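> For reference, the chains in residue letters:
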Amino acid sequence: MSTYYFVIVGHNDNPIYEKEFSTVNKEFRKEDHRHLSQFIAHAALDLVDEHKWKTANMQLKSIDRFNQWFVSAFITASQIRFIIVHDNKNDEGIKSFFNEMYDTYIKHSMNAFYKINTVIKSPMFEKKAEIFGRKFLLS
Amino acid sequence: MRATVGLMLSHGSVEPVMSRPDYEQNALHHSSLLVLLRGVGPSRARILQRAFEKVRRVNSIKVNDSSGNTRTIWVRFIHDHPVEHNDWGDFQTHRRLLGLVTIGKFDNQTELNELCRQHESLKVRYGSTLYESRAIFFGPDDPNVLETIGEDKSTASRRLQDDYTTPSNFKSQAFFYREQDSCSDLESRIGDFVSALFWVLESRRLERSREKADKVSLLLAPFEKRDFVGLDMESRNNRKRCVGRVMKNLADLSLQAGLVDDALSLYHNANETLRSVGDSLWVGATEEGLCAASAMLLYPQMREIETLHRNSSLQEAGTSPLRHTPEKWRASDATKKVTAPDSTTTAAANANGEVAVQQQQKLTSNSSSCSSVSSLVTTGNNSSASDTPTTSSTTTSSTSTISAAPLSNQRNGELPGNILKAEEITNYYRKAIINYSKYRHAATIETEAALKASRICIEQNRPLDVAMFLQNILYINLSMSEPERVKRFEIITDLYQQIGYQRKAAFFQRLAALKHVQQGSQAPDWNQSYRLMLGSFTGYRLCLDPLEVLENAAGWPALQIDLVQSLITAARRLGHSALATRHMTFLLQTQWDNMSPTEQSEMAVQLQNLSAQCEGSPVPLVLENGTVIPPANLTDLPYCLDFQVKDLPPHLRPQRIKVAKADSGPFLFTPIHFNSVDRRDKKKDKNKIAFLWVQNDLSEVCVRLRNPLPFELTVTDMRLLTNGVVFESLPQTIVLQPHVPTYVPLHGTPIETGQLDLQGYSTHTLGVKSNCRLKHMRGRSFPPNYLVEVIPALPRISVKTSLPQTATFSNLNSADIVVTSASLTLYNGEFSSCTITITNESATLPLEHLEVNINSNVEQELQKKIFRIDEEALLAKLPVPPQGSIEFVVEVYAEADFVCPQPPPSSVHSSGPAAGDYGSSLMSVSGHASLPSRVGSPQHRRQEPQTSSFRSTMSGGQPSLAALSLQPGPSSLGSQYSQHIEAQIRLKYSGGEALTAGYCRQCAVSFNLELLPSAQITSWDVLPAEIASQFYLVLDISNLTAQEMSLNYTDNKNILIEAKESCRVPIPVDRCSLEQVCAARAAEVAENLERELCFRTQLLSFNDALSKLCSEHIAERVKINWLLTGTDIAGIASLRGIVLSQSMVDLTAVSPLQWSISFQDTPVQPHSELVCTVGQRALLSIQLTNDSLQPLKNLVLSIKFYQDYLNGMENYNLETRVAFSGPNRIAIPILEKQEQTQHTCSVIFFTPGRFKAGIECSTNPQQQQQPSARSCPSATNIVGGQLDMFSSSYDEQQAHVWKFIPPIEVTVVEQ
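Residue numbers (UniProt numbering), protein chains in the order written: chain A, 1 to 139; chain B, 1 to 1311.
Relax, there's no trap hidden among the hints.
Below, simulated SDA-like cross-link-like pairs (lysine to any residue); rule was C-alpha separation at most 20 Å, straight line:
#, chain 1, residue 1, chain 2, residue 2
1, A, Lys115, B, Ala553
2, B, Lys240, B, Asp227
3, A, Lys54, B, Glu423
4, A, Lys54, B, Met468
5, A, Lys89, B, Gln471
6, B, Lys240, B, His268
7, A, Lys52, B, Met468
8, A, Lys19, B, Met595
9, A, Lys115, B, Asn552
10, A, Lys115, B, Asn594
11, A, Lys19, B, Asn594
12, A, Lys52, B, Gln471
13, A, Lys89, B, Tyr475
Residues on chain A that point at chain B, a partial pick, calculated with CB under 8 Å:
#, residue
14, Asn14
15, Gln38
16, Leu47
Bear in mind the hints are in silico, worked out from the structure with no lab data behind them. Because the structure is a prediction, the values reported are computed rather than measured. Idealized CB from N, CA, C, for every residue including glycine.
Kindly generate the complete structure, drawing on both the sequences and the hints.
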C-alpha cells in the first residue's frame, strides 16, 4: 500500500497539474490526505529551489521528508518543478516517472495554445500521467 | 516569543527532569555565565523596564586576571531557570545558574520587606549553584528632593536607604534608587557583580585544574546516576572516563572564564580520552564544546545579534518577535544570493558597530577585538572563506583596521591551531548529535545541540545544513508537553525564516498554529493560533491586502483557501467577528476564481452568517499587536459587466446657446479645424465624458450587474463613489436573480459645479459594505474613473397646452425632447389657436431666456402659413420668476391645397365619351371606390351643355367629368384625405448662472395637426364673361365632409352642397390686367438676362410666368368661404395653386388683341342685339390692335357664322343661309406692337333667324398638319389640343386663340 501525490508547480508556486496515485481503494483513502500532501509539497519548494542550484541534474532525488512522507523532485529546464510526495521508497520508479512526465510535459508545452505556467487541462496529458503512474509508481 | 516563553516557564515551574529544551541557546552561550534576572514584587516590574535594559546591556566585561592577561567574560541574563537544569551543570557548566539579580519597586517598608523575602527565597532555590546575588530596589520618589536629585544623587540615595531598612535576614547586596533616578551607576555595579562572579568561577577553575588525575571523582549527567551504581570505579576504563569527564568539565569552566585556547585543547584531549572509552554522551559533549569554542572565535558577531535581538524583543514585548527578526543573510532566490551577503553584512556590521559603540562607552573598548577576530579568521582560513561569506566582514574590519591591526597580529599568533574550521563545526555537531541520540534521556541536549548547530549554519550561510539539522529535530523522540511542541515548531519556523525558507517556515508556523488549538487540547489558545496563521501568510504568497493578492496572483490556491479558512475559524473562536468577516470577505474576493461554484455559494452563505454578527465595512482593522488588516471589498460580487454614465433626459440636457458669431476679424475657423481640436481633446482625456451634468439635477449612472451566486442576492445601499465636487448619492436597493444580468440605475445629484470624478460604487451585500472602484475591477476594460463636467444649475420648466394630448408621439427628429403634446383636428381652411402655458418649476432660478421655434414635417413656407406665434409679445413676458408661469398663443390655420392637382396626361383620354367606360377606367386608375361617382347623375346631365366647353384638362368636346381627377396625387397636400401634420414647438430656455455660462435647455411640444378635407375644387374652367374685363371662373366644388356645407362664393351668393356631393359654381373675376402681364414679362426678361439663359427658356418661362401670374391673380381674388351648416366650423378655401392651361390663361389675362368690331358701322356692344334684314348686305368691320409687348406673328383671323340651337348643337353648315363677300379667313403675318389692322367684309343672310358669329384670332392654324415639327411654333390647333396636352403643356408651340366675346348675335328678319 502506497500513495503518491504528484504535482507540477509553476513559477509562482502555483500548481499547474495535480494527480494522486494510490494502491489503496478510494473508499479507504482519507479526504485529508491530499490536503496534507499539498502542504508538504509546498513546504518542500524551498528545498527544491535550494537544490536546483547545487546540481546540474534534473533529478533532485528525495529532498525532504515530513513524518512518513518523502518528497522527491525534478526540475525542468524552464524551472517548472515536478514534485512527488510519497510514503515509500521507490527511487527508480519515481525517476522513470519523472522522465516520462517530463517528456509528456515538453510535448504539451509545445502546443501553441498552451500558455506556460497555467493549469494543464489536457485529457491526453491526464491519460499519460495515469499510464506512467500505474507503470512506474504503482507496479 | 521570548515573552511567551517567559509566560510558559513561569507557569510550569515544577518539571521533573530536564525535559524543557532551552530553544534560545546558541553555541556561544557555552562561554557565558548564567545569571537569573528577575523582577520581584507586584507586577509593577514593567515600570522598571529601563533598569532591566541597563542590566542586560552589561553582557560582557573585561577582567585582568592574576597573570595580567585580559579576559573577556560574557554574561547571559535569563528570566527563568528550572532548578533541575542545574543538575546538568556537571555535564555542561554553562547550564548552572551562577548569579541572581532581582529588580523590585517598593513604596513602603512592608513592600520592601516582601521584595527582600522574594530575593532570599530565590537565593535559597538556586542556592546549590549560586555564587553571588544582587538586589536592585526602586523606592518612592521623594517630592522634596525631586529637583535636587540630579545634582546630589548621593544624598537622595542615602536618604532612601535611611528611610527604609532591609530586614535583618537579608544578606545580599542591595542598590537603592529613586523611581525617576537615571541609575547612572547601575551598569558599573553590575559590572562589579559580574567580575565577582568571574573570580569565584576562576577559583573553581583553578581548583579543578589542580585536582590530581587519580583523585578525581566521576562526573555524571543526571540520568546516569543509576547506570554507574555498583560499577568498579577503579577500572582503567572508568579512570579514564573520570579523567576525561573532569577534563571536559575543566574545558567548560575555562571557556566560561574566557580562556578559549585552553578550553579548545582541553576539549580535544577530553574528546580523545573519552572516545577511547566509548563514553558517547560525553564525547558528544566535548564535540559540542569544541564547536562552541571555535564558534566563539569564528563568529563573535553572533553574540551581538543575540543582544540586539533581545533588546528589540524586549522593547516591543507585545508583538510577535518573528516580525522583528532581521531577515537573514540570504533570500531563497538565487539571484539575490550574490548581493545579499554584502548588504546584510553591512547591516550586521552597522548593528555591531552600534552595540560596540555603546560598549565602548560603558566598558573599556573591547569591540575592536571582535571585529578583528573575524577578519583575521578569513585571512587565516582561506579554504573556508568562500563558504563563510558572512565572516568576511570587510566593512567592519575597515573601520577598525588601524586600532585592531596590532592586536589581531598578536591574536594571530595566539590563535590555536586546533581550532575547528568552519566546515568542521557542522561535522562535529553532526557527530555530537549522533552521539547524543544514543541516549534517550539526552533528547533535550540533542535538540538544543541541533538548534545551536543550525544557528551556526545560518551564520555560515549554509541553508541546506540548517534544513538538515532542523529536519532532524522533528525526529528526536522527546517526550514533551504540547505547549513545548508548539514552541518547538515556532522556533523551527523562526530559524527557517532566518534562512529565507518562507514556505518551510509557513508550513511549521501553520503546524504550530494547529497544535495550539488541536482537538483534545485543554486550553486551546486561539489567539496564538490566529497570530501564527497570520504570520504564515507570506509563506503562502498571501498578503493582507486583497488588491495585492489579486495583483500578484501567485501561490497555491488550495492551500491559501485552507489557510484563510483556518484563520476565519480562529478569528471566530476568538470572538472577533469583525476580523472573521473581514477575512471571509478577503477569501471571497481573492480566491473567487479558484473556487468551485458550490464552494463559492457556501462561502457566500458563511460570509452572510458571519456578517450577521458583525457587519463588514471598508475600513482598516488594527489588531492589538498593531497589525493593520486592510479593508477587503467585494468588488465582483455582484459582478459589474457595464458601467455607463447616462446623459440627462433629452429635454433636460444642457445645450450651448447659439450666439450669432461675433465678427472675429479676418481669421476664419473652419469646421475641419474645429473637429481636429475636438479629436485631440478626446485623445487626451479618454475617460472624460462628452456630455454635461447639471448642478442640482438628478443624474444617473447605469450599471449592469450579474449575480454569480446561485441564489438571490440582495444588494442594499448601493451608491456612487465620487471624488471632486460634492455629490449626493441616492441609495439603491436591488435583488439580483442568479446569473441574470440586470441593469441598475444609480442616481445622485451634484451639489457643486466643476469636475466630478466617478470612481465606482459602493455596495452592501452579504452583510459587507464594499467600495467597488472601477480601477479594481479586473478583466474588464474600464477606465480608472469617469470625469463628468457639472455646469451651473439651469431652470426647469413644465409645459401645458390648452389642447388634448395625443395618443402617439411624433416620429419627427429629436422626438425625445418632447415633454407634452397637443392634438388638433381642423378642416382644411379652418382657423384655430392653442394656448401654451410655461411654468418655471425651479425653486430659485428665474427663467430669463426663451426661444421658440417650430419644426415640422412640412415645408417651411407652408409651415409659416399654418403656425403663427407672436414672439415679441412672448419675450416681453420674460423673465419668469421661480414657480411663475406665462402663456402664449399659437395660431393655427389649416392650410391646404383646395385645388385638385392636374391629372397625369396618361389618364382617361383613350376612353370614349361613354360615361360608364370612363367610370370604370377611373376606378381602375385611382382605385378609390369610396368616392362618389357622379357619372350619369341627373345633376351632371343637366349641366352637360355647359361642360362641353370645359377645357380645364382637355378638349372641350370631352365630358368634363374627366377632369374630376381623384388621383391620390403625390403632391403632399392633396385634400381628399385627412392629412397629418406633425410639428414640434421647440422651447430653448435658460436662466441664472448657466445663462451667463452660455447653456440652455430645450424641450418641445409635439403638435399633431390633423387636417380633414373640406371643400375641394375638382375641376375648373375659365369662361368669357359678358364683359370683356371679366371672365367666369367655373369651379366644380365637392364637399368632402360628411356634413352639408354652405358655400359662399361671391359676396352674396351661397350654395348648399350635400355631404360628398359636388356642385359647379361660376365666379366672375376681373381679368388680369395687361400691366401686370407686362410687369411680369419685364421682370422675367430681366431675370433671364441676368442668368444669360437662352431664348427658348425665356419663352418657356414667360408662358410659365404668365400662367403663374394668372393663377395667383385668381387665388388672390377668389376666396370661397365655407361653413358646415349646423356647426360653427367655417373656413376659407383658397384657389392657390390652380393650374391654368394656355387657353385659360388667354381668357384670364386681358387679351393682347384689342377688338373693335362694328356691324353696319355700328360698334358692337356686348349682348347688344344686332338686327339686319334678309338679302341685305351687312358690313362687318373688325379692327385689331396689338396691345402686348411683342409682335404677334402668323395670326389668322377667322369669322364663322353658326346657328346655336341651344341644345348643345351648333350648326356650322350655313352655306345656304349666309354668304361672305371677302375672305372669312385672313392671315396676318405679323402684327407689330401697337399696330392696328383692319378687316372689313360684307355678309348677306339668305334666311331669317338668329345667327351667331364667332370671331377669333388664332396663331398660325395652317401648320396643324405638322404637329411634330417642334421647331415650328404653333404646331397644333385647339381641336387637336389632345396632342397638346400630351406633350408638355406650355411651350412656345402652344397655339393661342383669342376670341371676341361674347359672340355677335345677329337677328335676321324678313324684309
